[in-house]
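Based on the provided sequences and hints, a complete structural model is requested.
Residues per chain are reported as follows:
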Amino acid sequence: MSLFKRILIANRGEIAVRVIRACRELGIEAVAVYSDADARALHVALADYAIRIGPPPAAESYLSIDAVIAAAQSAGADAIHPGYGFLSENHDFAGACAAHGRTFIGPPARVIATMGSKVAARELARKAGAPVVPGETPREQSDVAIAEAARRVGFPVLLKPSEGGGGIGMKAVRTESELAHAIPQARREAQAAFGDGTLYVERLIDSPRHVEFQILADAHGHIVHVFERECSIQRRHQKVIEETPSPAVTPALRHRMGAAAVAVARAAGYVNAGTIEFLLAGSGDSASFYFLEMNTRLQVEHPITEQVAGIDLVAAQIRVAAGEPLPWAQEQLTQRGHAIELRVYAEDPAAGYLPQAGPLLLYREPAMPGVRIDSGFVEGGEVSVHYDPLLAKLIASAESRDAARRRALAALHGFPILGIRTNVALLREILQHPRFAAGDIDTGFLDAERDALHTRLVRSEPSPEALAVAAAASGRPGVSAASPQPDPWTTLRETRL
Amino acid sequence: MTVTPLGNGRYEVVTDTARTLAYAARQHDQTWVFIHGQVVVIGPAGGAVSRRRPHDDAALAAPMPATVTSINVSPGQAVKAGDVLVTLEAMKMEMAVTAPRDGVVDAVNCRPGELVQPGVALVTLVPPGRASEGGPQNER
Numbered sequence: 001m002s003l004f005k006r007i008l009i010a011n012r013g014e015i016a017v018r019v020i021r022a023c024r025e026l027g028i029e030a031v032a033v034y035s036d037a038d039a040r041a042l043h044v045a046l047a048d049y050a051i052r053i054g055p056p057p058a059a060e061s062y063l064s065i066d067a068v069i070a071a072a073q074s075a076g077a078d079a080i081h082p083g084y085g086f087l088s089e090n091h092d093f094a095g096a097c098a099a100h101g102r103t104f105i106g107p108p109a110r111v112i113a114t115m116g117s118k119v120a121a122r123e124l125a126r127k128a129g130a131p132v133v134p135g136e137t138p139r140e141q142s143d144v145a146i147a148e149a150a151r152r153v154g155f156p157v158l159l160k161p162s163e164g165g166g167g168i169g170m171k172a173v174r175t176e177s178e179l180a181h182a183i184p185q186a187r188r189e190a191q192a193a194f195g196d197g198t199l200y201v202e203r204l205i206d207s208p209r210h211v212e213f214q215i216l217a218d219a220h221g222h223i224v225h226v227f228e229r230e231c232s233i234q235r236r237h238q239k240v241i242e243e244t245p246s247p248a249v250t251p252a253l254r255h256r257m258g259a260a261a262v263a264v265a266r267a268a269g270y271v272n273a274g275t276i277e278f279l280l281a282g283s284g285d286s287a288s289f290y291f292l293e294m295n296t297r298l299q300v301e302h303p304i305t306e307q308v309a310g311i312d313l314v315a316a317q318i319r320v321a322a323g324e325p326l327p328w329a330q331e332q333l334t335q336r337g338h339a340i341e342l343r344v345y346a347e348d349p350a351a352g353y354l355p356q357a358g359p360l361l362l363y364r365e366p367a368m369p370g371v372r373i374d375s376g377f378v379e380g381g382e383v384s385v386h387y388d389p390l391l392a393k394l395i396a397s398a399e400s401r402d403a404a405r406r407r408a409l410a411a412l413h414g415f416p417i418l419g420i421r422t423n424v425a426l427l428r429e430i431l432q433h434p435r436f437a438a439g440d441i442d443t444g445f446l447d448a449e450r451d452a453l454h455t456r457l458v459r460s461e462p463s464p465e466a467l468a469v470a471a472a473a474s475g476r477p478g479v480s481a482a483s484p485q486p487d488p489w490t491t492l493r494e495t496r497l
Numbered sequence: 001m002t003v004t005p006l007g008n009g010r011y012e013v014v015t016d017t018a019r020t021l022a023y024a025a026r027q028h029d030q031t032w033v034f035i036h037g038q039v040v041v042i043g044p045a046g047g048a049v050s051r052r053r054p055h056d057d058a059a060l061a062a063p064m065p066a067t068v069t070s071i072n073v074s075p076g077q078a079v080k081a082g083d084v085l086v087t088l089e090a091m092k093m094e095m096a097v098t099a100p101r102d103g104v105v106d107a108v109n110c111r112p113g114e115l116v117q118p119g120v121a122l123v124t125l126v127p128p129g130r131a132s133e134g135g136p137q138n139e140r
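Sequence order for the protein chains is L and C. Residue 391 in our numbering sits at position 391 of the first sequence, and the numbers go up by one each step. Residue 26 in our numbering sits at position 26 of the second sequence, and the numbers go up by one each step.
Don't read these hints as lab results, they were simulated from the structure. Treat each hint with caution, since some may be false.
[To be verified] Covered, in the sense of this in silico footprint (three residues per stretch, anywhere, with C-beta under 8 Å from a C-beta of chain L), are these stretches of chain C:
(1) 9–15
(2) 31–41
[As the list claims (entries may be wrong)] Among the chain C residues that face chain L by a calculated CB cut under 8 Å, a handful are:
(3) M1
(4) P5
(5) E94
This structure is a prediction, so every number in the text was calculated from the model and none was measured. Glycine is no exception: its CB is placed at the ideal position from the N, C-alpha and C atoms.
This is how it looks when you write it as structure tokens:
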């Protein structure tokens, strides 16, 4: 077996750490890259080699194709793992790796390009037989033509800026009578936001779930799916909690969705790990699903799939990139138990989700059965303003959904993070919300339950216990803090057992 | 109640009814405490530290360079403290700029899609019941 000798990880934070660990297990040397803001980051400390690639702004470091390729050349890395984000879905970068004789651990550049275009990806999915959300950009953009398109697509519809993205300027129209007013308004908003008033008319899927399928394909034409992940707990652009299996997916539905996902990957000529995202309307055997997009990279939430399927997706990515065949056939893959991932962000939900930067004065990850923490930070580290504020991913697995949910709660209870505000309190409220506990979730959950969740985040005065601990920590007199006493744990530490 | 330092930021808290493990760390004049699964930040006076001064006009500016994703108000509109005025995106995160107090929107100083810098009020507010072109309101 000849895998790679040395892999450069073109990323930072928890995903760089994750890939470095996979390299270690496979006996491959790991090369980290870092910006000046990350000189003392965990991924740099863990790697066999580390190369500075620029100043803190991502555009001049982690997003600089030239800097990353130069680092790979000077380190003698024969392959490059892009992680997620940054250059991972940049087909120019994948092409540059190939041009400089380094294996890009991901799909071919042309596949990234095709699937990166929403229009091309949708067309490819439709031809491959995957359902897509009905919609069209009317060639003639008069009010009359758009109204006709809305009738063809079927109400309720969404009027979207054709040039837009990220949910900006979208207008929901539930009945025909609202059209006369909504069309000119949507056009104005599209014009204001994107300088182009062209509208796309799409069927509005009410309260959908976000259910995605993990795909893995090798260079020999074998493609498998590694089941679904439900990622309905999200704010715009950002998933917060993911789980697998989805509470809405039955075996028959899983079979249909998995087959559609594999068909799309096959039509795209896909190689390596990827994810097909669907919107799911309803639940159970009769639910309808619609192709949304394909992510041509490893996902943030890949660990829940690993926990439930008992596989290592990063190791599989590396093996497939080295030309090995897939280690398993579809029938050999099974789901066992349930896994939930919580994304611990350095952000303050009580202050409009304001991202937080600062020192991790105290940071102790919980260690307990069934809990996996993927993180890129250690105590004493610093969360920088320059990058994504993801601190850690807490993955709880257990034999049932409810057991995994309780385990996640218990783990949060023993996860002190001091020095920087986090979303941990919000995560706890979501886990305890009756709708979440019942699996009754959709992509509108966080907006719909926002008030209920946030009311509980408002803190009352500190408890007497908290004040007493603060007094003891600051050495203030006049409180009932005891003097340090011999403690069995500290004294035992000095005893040889 | 007895609080016993166990070293390395750990504290044992024993009350008449319960025993619990807590963690604490200090920075400047603030003490961060983790107890019963909750984080509390305690100032030098012993009270909880509020996150943001409630009447601060700095609250109307972007906290860091950010892109405006939506504007939820228009001039002349009355808003209540806590209403979302503008949403921003930075660090791949969405942030809401909320009204620090009740008031009426006097002007909106940004456009959707615009990259805004900290220190500039994205929305200006005048007190409720006061027309923007009017002079200073007399104290009554």
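- [ ] Please write out, lowest number first, the hints stated earlier that are contradicted by the structure.
- [x] none
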